[in-house]
Amino acid sequence: MTAAIALEAVTVTYPGAAAPTLQAVDLVVGEGELALVIGPTGSGKSTLLRATCGLVPHFTGGTVAGRILVEGRDTRTHLPRDLADVVGVVGQDPAAGFVTDTVEEELAYAMEQIGVPPDVMRRRVEEVLDLLGLAPLRGRPLADLSGGEQQRVAIGAVLTPHPRVLVLDEPTSALDPAAAEDVLAALTRLVHDLGMTVLLAEHRLERVVQYADRVIEVRPDGTVRSGAPAHLLADSAVAPPVVELGRLAGWTPVPLSVRDARRRSPELRARLTALPAADAAAEPPREAQDDEPVLLVARDVHVHHGARGRRGQPGTHAVRGVDLDLRPGEVVALMGRNGSGKSSLLWALQGTGTRSSGSVTVLGRAGALPLDPATLEPAAARRVVALVPHDPLDLLFRETVAAECTAADPHDRPGAARSVLTALAPGVDPTAHPRDLSEGQRLALALAVQLAERPPVVLLDEPTRGLDYLAKSLLGDVLRQHAAAGGAVLLSSHDVEFVAECADRCVLLADGEVVTEGPAAQVLVSSPVFAPQVAKVMRPLDLLTVEAVRERLVPR
Amino acid sequence: MHRAPHPLAWWAWAVALATAATRLTDPRPLALLLAAVVAVVLVRRGDSPWGRSFGAYLVLGACIVAVRVLFHVLVGIKAGGTVLVDLPRISLPEWAVGVELLGPVTTTGLATAAAAGFRLAVLVVCVGAANALTNPRRALRALPASMHHLGTAVVIAVSVTPQLVTAAAQVRRAQRLRGAVPSGLAAVRATAVPVLTDALDRSLTLAASMDSRGYARTLPERSQRAVGWLLLAALVSTVVGVYGLLTGAPAPQAVGVLVVAGAAGVTASVLAGRQVRRTRYRPDRWTASDTALALSGVVGAAGFAATAADWPGSALAAALATLVTVLPVLGGGPTGRGPAPAVAT
Chain A
1 MTAAIALEAV TVTYPGAAAP TLQAVDLVVG EGELALVIGP TGSGKSTLLR
51 ATCGLVPHFT GGTVAGRILV EGRDTRTHLP RDLADVVGVV GQDPAAGFVT
101 DTVEEELAYA MEQIGVPPDV MRRRVEEVLD LLGLAPLRGR PLADLSGGEQ
151 QRVAIGAVLT PHPRVLVLDE PTSALDPAAA EDVLAALTRL VHDLGMTVLL
201 AEHRLERVVQ YADRVIEVRP DGTVRSGAPA HLLADSAVAP PVVELGRLAG
251 WTPVPLSVRD ARRRSPELRA RLTALPAADA AAEPPREAQD DEPVLLVARD
301 VHVHHGARGR RGQPGTHAVR GVDLDLRPGE VVALMGRNGS GKSSLLWALQ
351 GTGTRSSGSV TVLGRAGALP LDPATLEPAA ARRVVALVPH DPLDLLFRET
401 VAAECTAADP HDRPGAARSV LTALAPGVDP TAHPRDLSEG QRLALALAVQ
451 LAERPPVVLL DEPTRGLDYL AKSLLGDVLR QHAAAGGAVL LSSHDVEFVA
501 ECADRCVLLA DGEVVTEGPA AQVLVSSPVF APQVAKVMRP LDLLTVEAVR
551 ERLVPR
Chain B
1 MHRAPHPLAW WAWAVALATA ATRLTDPRPL ALLLAAVVAV VLVRRGDSPW
51 GRSFGAYLVL GACIVAVRVL FHVLVGIKAG GTVLVDLPRI SLPEWAVGVE
101 LLGPVTTTGL ATAAAAGFRL AVLVVCVGAA NALTNPRRAL RALPASMHHL
151 GTAVVIAVSV TPQLVTAAAQ VRRAQRLRGA VPSGLAAVRA TAVPVLTDAL
201 DRSLTLAASM DSRGYARTLP ERSQRAVGWL LLAALVSTVV GVYGLLTGAP
251 APQAVGVLVV AGAAGVTASV LAGRQVRRTR YRPDRWTASD TALALSGVVG
301 AAGFAATAAD WPGSALAAAL ATLVTVLPVL GGGPTGRGPA PAVAT
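Chains as they are written, first to last, in my numbering: chain A, 1 to 556; chain B, 1 to 345.
Read the hints as simulated data drawn from the structure, not as lab findings. Please read these numbers as outputs of a predicted model, since none were measured by experiment. The reader is advised that the hints may include incorrect statements.
[As the list claims (entries may be wrong)] Covered stretches of chain A, as calculated for chain B (at least 3 residues, CB under 8 Å):
| hint | stretch |
| --- | --- |
| 1 | 98-105 |
| 2 | 108-120 |
| 3 | 189-198 |
| 4 | 390-400 |
| 5 | 421-431 |
[To be verified] Under 10 Å between C-beta atoms, here's a sample of chain B residues computed to sit facing chain A:
| hint | residue |
| --- | --- |
| 6 | P104 |
| 7 | T106 |
| 8 | R137 |
| 9 | A167 |
| 10 | R189 |
| 11 | T191 |
| 12 | A192 |
| 13 | V193 |
| 14 | P194 |
| 15 | T197 |
| 16 | T205 |
| 17 | Y215 |
| 18 | V276 |
| 19 | Y281 |
| 20 | R285 |
Yeah, the Cβ is synthetic: ideal placement off N, Cα and C, and Gly gets one too.
Please model the entire structure based on the sequences and the hints provided.
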């Protein structure tokens with residue numbers, strides 16, 4: 001086996017950092033392998049990826065000791081641009097890396113830079129259009145594409161110079177399940193049909209681990225170990241639900257896909273079926289009671305965007321007549337494709353975003369009259385319904401975490417934001433700049449800022465993007481606590497596993513309309529796209545998460 | 001299949017008219033020229049961000065006239081003529097010798113100031129027309145290889161501005177979620193900090209993406225020294241030539257120096273181009289209709305320039321020039337926004 005990527009005793013230290021980000025890494029990725037890089041946030045996954053394409057240290061600065069060879073080229077003597085014809089890099093946000101403005105030109109860009117003759121260029125663009133199923137999009141402006149399409153164009157754009165290695169940093173983190181499947185299918189095709197080497201970092205292991213030939217775990221101290229997925233995941237720090245299930249059931253090697261687990265599990269399923277569903281009696285699912293106050297009532301909400309479009313451009317009708325109730329004590333998940341109107345609905349409910357027609361009323365504190373948040377002053381609206389936007393950094397503009405917390409505190413309860421923050425993300429340095437925090441810590445800070453006023457209704461737009469399993473479970477805990485204290489939570493998410501663990505109710509949107517609404521268990525299990533892994537393994541048992549299986553096996 | 005004209009054809013058309021505008025002093029032929037340019041843009045611009053930007057250039061032109069007049073009233077040297085408003089004259093202290101504020105405003109003075117402002121405004125609108133009619137990215141693709149990096153930098157700078165506006169709106173909206181909406185200086189800080197840091201992050205991401213896709217790759221072992229010297233020579237001779245032209249030095253000598261400057265620049269560009277090996281994907285082709293388009297601008301401009309010497313004696317020439325200039329209106333519908341689809345019909 002020839003090595004496509006070889007790291008020899010590599011240590012990476014960023015300027016001003018106390019400890020190296022990567023430490024004494026020896027690693028070989030063979031030709032034609034799909035290697036998956038895993039590890040908690042901030043562990044140096046991105047650094048490892050960027051080191052293999054020369055961006056570390058040539059672009060980012062820092063010191064690299066040791067030697068990195070990509071297809072035989074040494075990154076010490078080759079700049080990233082000199083590696084463009086052997087390694088293709090796709091970043092986390094494909095749209096931010098686009099240089100041109102249409103699909104075809106973007107595909108040709110890298111070839112123009114390295115001087116591929118025009119006739120060859122023309123042929124390769126056609127090949128890549130077919131390979132990734134982009135032919136119908138060829139003349140489209142990049143800005144008009146959906147997230148999954150943009151990601152496929154970004155992959156296509158680095159494929160045209162015919163690199164032997166492809167490096168991708170969280171290619172599916174922003175995508176809905178179906179779009180993620182498209183991208184992963186394209187990647188497996190590249191590995192299997194063209195024999196390309198793929199190095200891929202991903203938090204959502206449940207999506208990719210079954211395709212991996214090798215797993216590389218980056219540990220928090222910067223050391224790295226690599227091995228066969230089944231072997232390494234048996235005791236790795238992060239693991240997808242299906243592997244957790246395997247660990248719980250004591251299967252060796254652990255299953256990597258739903259199919260593996262399903263074939264191993266008949267015995268476990270028989271055991272579970274025989275057990276009485278003890279918890280069901282102890283904790284009955286919450287039933288909507290008529291006398292219970294409804295915290296937020298939305299009726300026939302419509303949202304139009306760009307209705308004032310110039311020259312007869314049709315505006316988008318993002319939300320079409322949505323009815324929604326949020327009761328105290330429930331966590332509701334809003335799911336649906338990218339662009340199905342989830343964000344528009346959240347913003348409209350909060351009152352800051354556009355609402356073309358329909359009504360929204362929110363019950364403030366106990367005994368208060370129902371109010372329309374859109375008519376309130378921002379400061380008052382925030383006390384009844386708070387929204388954490390897609391990019392938490394939009395909310396934060398002060399220099400330190402402590403300053404953000406102080407500014408958010410209500411007058412009568414200083415320190416409120418800080419205490420929420422400590423619960424969500426213990427150990428955040430109060431003197432740190434919000435931009436220097438990890439994804440999880442940023443979200444925690446934004447959420448702490450918004451929760452400081454104790455609004456009864458909290459809305460979150462895609463809170464799980466870029467979070468590792470630990471950060472997600474902490475987030476889930478805080479949201480459950482908020483609900484338990486009589487509040488309501490509405491969150492939009494693509495992450496079915498998170499929704500399965502945390503939500504009571506699930507609302508499925510498509511094209512701005514509610515398609516299904518019901519208890520999370522029912523909605524998730526009934527859809528092949530949205531069903532969590534454990535539910536697929538345990539069917540027809542009504543178990544969605546590893547935690548649920550564990551409780552059934554060992555009743556508390 | 002309707003094909004978008006070559007971007008350089010539009011630029012030639014607009015630059016020729018802009019040059020003619022600088023030669024004209026009388027506002028009447030200038031107004032004809034402006035009308036012709038506006039007519040062509042209204043018919044031929046596409047529904048694209050750059051097409052929509054034309055209105056902004058018209059507003060900018062109006063502002064230029066207003067500012068020019070305002071400055072004339074404030075500090076201009078007041079010529080004779082009918083006095084409209086007799087403002088008190090304010091003399092500045094000695095260190096600003098010769099500058100007087102305000103003073104009587106006369107019709108002649110105002111007309112001269114307005115005409116000068118109008119000329120500048122027409123110039124700006126001509127450039128704006130070229131911008132509205134061509135996709136800036138496609139226009140820059142037509143640059144020679146040596147200018148390629150410069151072109152890319154300009155493209156990114158151009159695309160950053162609308163992004164900043166969107167980002168600022170987004171941040172302001174998000175901050176309303178926090179309750180207290182900052183105002184005054186605090187608001188500027190609260191918006192500028194996230195917007196600018198975000199823009200910086202974005203540009204770093206873009207730079208990393210471009211770098212790892214081979215941007216700025218050079219062929220090894222080609223010297224850049226000759227290029228540097230030639231460019232320096234070109235720059236110096238341009239300055240000398242322009243200075244000569246503006247101060248009324250004998251025209252042939254000034255023009256001669258400028259020709260030398262041009263030659264040095266072109267040589268430097270060719271040499272620099274040899275260091276870069278890059279190719280172009282489906283380049284725009286120059287066709288006969290592009291030549292016709294460029295010619296309509298050049299001939300129209302020449303016609304307008306001819307009227308400068310003798311007005312109103314050459315009113316007929318001005319009318320003809322206007323007709324020639326608006327000829328591109330016949331070229332068909334709006335200029336396409338992207339490259340034509342590959343499937344020819």
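Here is what the structure says about each hint:
1. 98-105: With 7 residues close enough to chain B, the hint holds.
2. 108-120: It holds, with 11 qualifying residues against the three required.
3. 189-198: Check failed, 0 qualifying residues.
4. 390-400: holds (count 6)
5. 421-431: Coverage by chain B is violated here, the residue count being 0 at a Cβ distance below 8 Å.
6. P104: Not OK, violated: P104 (chain B) not within 10 Å of chain A, min 46 Å.
7. T106: At 43 Å from the nearest chain A Cβ, T106 (chain B) fails the 10 Å test, so the hint is violated.
8. R137: Holds, because the Cβ-Cβ distance from R137 (chain B) to chain A comes to roughly 6 Å (cut-off 10 Å).
9. A167: holds (9 Å)
10. R189: The hint holds - R189 (chain B) has a Cβ within 10 Å of chain A, the shortest such distance being about 7 Å.
11. T191: holds (8 Å)
12. A192: holds (9 Å)
13. V193: holds (5 Å)
14. P194: holds (5 Å)
15. T197: Holds: closest Cβ of chain A sits about 6 Å from T197 (chain B), inside 10 Å.
16. T205: Since chain A brings a Cβ to about 4 Å from T205 (chain B), closer than 10 Å, the hint holds.
17. Y215: This hint holds: Y215 (chain B) lies near chain A, its Cβ roughly 5 Å from the closest one there, short of 10 Å.
18. V276: holds (8 Å)
19. Y281: For Y281 (chain B), the interface hint holds, since the closest Cβ of chain A sits about 3 Å away, which is under 10 Å.
20. R285: violated (12 Å)
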